[in-house]
Amino acid sequence: MALDKNGIAKRIAQELENNTYVNLGIGIPTLVANHIPKNINVEFQSENGVLGMGPFPLEGEEDPDMINAGKQTITTMPGAVLFDSATSFSMIRGNHIQLSVLGAMEVAENGDIANWKIPGKMVKGMGGAMDLVASSENIIVAMNHTNRKGESKLLKKCTLPITGVNCVKKIVTDLAVIDITLEGFKLIERAPGVSIEEIISATQANLIVDGNIPEMIL
Amino acid sequence: MINKEIKTIEEAIAGVKSGMTFMFGGFGLSGIPENAIKAISNSGIKNLTCISNNAGIDGFGLGLLLEKKQIKKMISSYVGENAEFERQMLSNEIEVELIPQGSLAERCRAGGAGIPAFFTPAGYGTEVQMNKEVRVFNGKKHILEHALISDFSFVKAWKGDTAGNLIFKGTARNFNPLMAMAGKITVAEVEELVPVGALNPNEIHTAGIFVQRIIKGDVFEKRIENRTTRKKN
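Taken in order, these protein sequences are the chains called A and B. Residue numbering for the first sequence follows this note's numbering, beginning at 78 and increasing consecutively. Residue numbering for the second sequence follows this note's numbering, beginning at 42 and increasing consecutively.
The shape of chain B in the complex, shown without the other chains (with noise of 0.2 Å):
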């Protein structure tokens, strides 16, 4: 097995650099990378493509990119609770592109899959249709929408092992999986790393051939952005 283990998180980001195409997993603030995240912020490298279903929210997760400007264009299908994310795109500070989620999905997990492109009913008629090639399937209209990849993808997991092998708790799950397929070098943290072997190869959800990388992380705070409870009875 190939030991991709990276024992910080400064050798984790080695490479990023200005000007590069990043993609985030995480739905909301469940799942994101956030070692990365504050590794990324720190290095202090500009001009980003951010491809993130979300942009986190203020002072935290993507939050901590838009407030340092590192983000040129974002990639995402929802971007509200974020204020400053909110300002920056309504006085045009930042380009943003905003897709539909399973296209999002699609395109990423199309990038990973060696499929350059696929059509979609999603978006047809709509804005998101624009200069978008059109064909009808069984009746239906689609639209073409183009894989997508990244120079780095960062990840994050419930268990991974040495090898990159990963296993993702909840729905902590959401984009990383896909997201993992589609980096030219995925860097995948782990809230447990263990040894090979140690993981049962029955219970992997994202096979090890698509993480370059993968670290503990030093600290997880996983925030909760709308806590909701019952009371008993």
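Same shape as in the complex, but just chain A (with noise of 0.2 Å):
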């Protein structure tokens, strides 16, 4: 069966190494942190200027002076640091960050991904995407296989404007965990009861199947 959002977040998690620095994007990507590896010791980045981050505030101790990137209320962890704008870039563009993990409308079996505009639609803007996506030594994309009109989001070639060149590592979606290869999408495991057949028919680039693939172990 199709993983749920908490599903690909908990996948994801397996991820996380041990006494690294980790920026969660919005939507999937903050699910992440409910579901770390016990013996794992992580430390979340958001960008907009903390590093520390801990989990939403108890009713009632909501302070608009302490946001995450996603504008949600937040509190901090024990040696959590706070900082200014450019501080938190150098962070991202410096590569002090080892693992970013961002949601995508597409990402492209040369790992290039959009994220962030549909023409004449939707125009939000990148935020902080492509500063992240230029420079994170490792980015796992959390998204759904296919978008709304079931169609695949895994493309030999990115129609939207896109966010960042062969930047993408890894994608995790409700069927499949996928590596980026040098030949293409690769897949690596399957969702539970998930068939390779299914996964195929939902990626409309090549993936490579190299023999036994293995359903996820959630």
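Treat the hints as calculated values from the structure; they're not laboratory data. All figures in this text were calculated on a predicted structure; none of them were measured in a lab. Please note: incorrect hints may appear among the correct ones.
Covered stretches of chain A (in silico footprint by chain B; criterion: 3 or more residues with CB under 8 Å from a CB of chain B, positions within the stretch not fixed) [said to hold, decoys possible]:
no., segment
1, 147 to 157
2, 164 to 172
3, 199 to 211
4, 235 to 242
5, 247 to 258
Going by beta-carbon spacing under 8 Å, a handful of chain B positions derived as facing chain A [claimed, not checked]:
no., residue
6, S71
7, S117
8, P157
9, T161
10, G166
11, G211
12, R214
13, P218
14, T269
15, T270
16, K273
Idealized CB from N, CA, C, for every residue including glycine.
Mind docking these for me? Both chains are given alone in their own frames, and the hints should help you get the complex.
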């Protein structure tokens, strides 16, 4: 069965490495923070100016001066630090963040990503996404395999204006875990109960299927 | 110490004119100069170029200037959450330049720091790169971005002294220190204005040299855009 948002987030959480700094984008990526494996210590950065982001505040304890990049009220962990936007993007551009998790509207088999604009329809802006994808050494995309119309979001080439080139390393969708290799998309794992054929048919680009493809363990 | 204290918001924004370029600190609604925005809205000046990470929401923040069609051009990184803005943008009533958030921050910082331009990898290969010089450094492609300066920068801090030294709170710091540096005239509004000597020099975030006028804000509504909480246990 296809995963829900939390399933995708849970699978991505397995990619977290101990003692690293991580930036989570808006949407499904934010949910990754709810599924950190027990033995793993990570610090979350939010590009509006906080490192060491904690959970949402208790009801009644919201502070308008303490928000994340999604403008949600947050708290900070012990040892957290606050800074201005230029310092924040020095951390990002300067490659001090080890992992960036983003949502996407399209990903191409060469690692191009589109997630900021639908010409004539949705023009909200790129926020920090272009800086993140241009500099992070490891970028994982969290998204559904197909869009609301049922069209594949894993393409030979992006049709929407792109956010960055050759940057995505891994995609976790509701159906599969896919690595982006020099040869293109490579199927790594299937969502529980989802067949290879279903994944291939939901993928517009070529999908490399090599040997037995295990189910995700969630 | 130079005394920069201003008593009324009208005096604080004195000299603003139609056609000028303004910077507004803040991220979302956090750390926005609410009092200056209201005063500019009341002044009725038009054809403004506004540099701000976001464009406020309907009826609050820069949404107030949008409603009265005071903004000719907006330079931002993210302008969602504002229906009136989206309407003006899609019907070409307002000119919009969207730039990556880190480039926006650095362009303001550079403007204040006397760096005319810099290379960044952000936006290479995208629409943002259009008509910009590309150069390869350490095997990676970068695009040339130019510094930004403003006629007026409007910033908001938590505490300030009459010399213009500022301390910010939480994530309300964001673009404020950078835009303070990049203003020909920087107007800071603070929740608490203290005499010179009352702030610990070790704890000042923005040096008063970057601030020309400082005022204790009348009202800070400090709206929350996206209230998220958890239950006990």
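How the hints compare with the structure:
Given a C-beta distance limit of less than 8 Å, the hint that chain B covers the segment 147 to 157 of chain A holds, as 5 residues qualify and 3 suffice. Coverage of the segment 164 to 172 of chain A by chain B holds in this model, with 4 residues showing a Cβ closer than 8 Å to a Cβ of that chain against a need of three. Under a criterion of three residues with beta carbons nearer than 8 Å to beta carbons of chain B, the stated coverage of the segment 199 to 211 of chain A is upheld, 10 such residues being counted. Proximity of the segment 235 to 242 of chain A to chain B, defined as three or more residues with a beta carbon under 8 Å from a beta carbon of that chain, is established by the 5 residues found.
Figure legend: the segment 247 to 258 of chain A, annotated as covered by chain B; annotation inconsistent (0 residues with Cβ-Cβ distances under 8 Å, at least 3 required). Evaluation of the B:S71 hint against chain A yields a held restraint, the C-beta minimum of about 5 Å falling below 8 Å. At about 6 Å, the closest approach between the beta carbon of B:S117 and any beta carbon in chain A falls short of 8 Å, and the interface hint on this residue holds. Among the interface hints, the one on B:P157 is violated; its C-beta lies about 16 Å from the nearest C-beta in chain A, farther than the 8 Å criterion.
Because the beta carbon of B:T161 sits about 7 Å from the nearest beta carbon in chain A, less than 8 Å, this interface hint is met. For B:G166, the interface hint holds, since its Cβ comes within 8 Å of a Cβ in chain A; the closest pair sits about 4 Å apart. With its C-beta approaching chain A no nearer than about 4 Å, B:G211 sits inside the 8 Å limit, and its interface hint holds. Given the 8 Å rule on beta carbons, the hint for B:R214 holds: about 5 Å separates it from the nearest Cβ of chain A.
About 5 Å separates the beta-carbon of B:P218 from the nearest beta-carbon of chain A, less than 8 Å, and the hint is met. Proximity of B:T269 to chain A holds as hinted, the smallest CB-CB distance being about 4 Å (cut-off 8 Å). A least Cβ separation of about 4 Å between B:T270 and chain A falls short of the 8 Å threshold, and the interface hint therefore holds. Checking B:K273 against chain A by beta carbon gives a least distance of about 6 Å; that is within 8 Å, so the hint holds.
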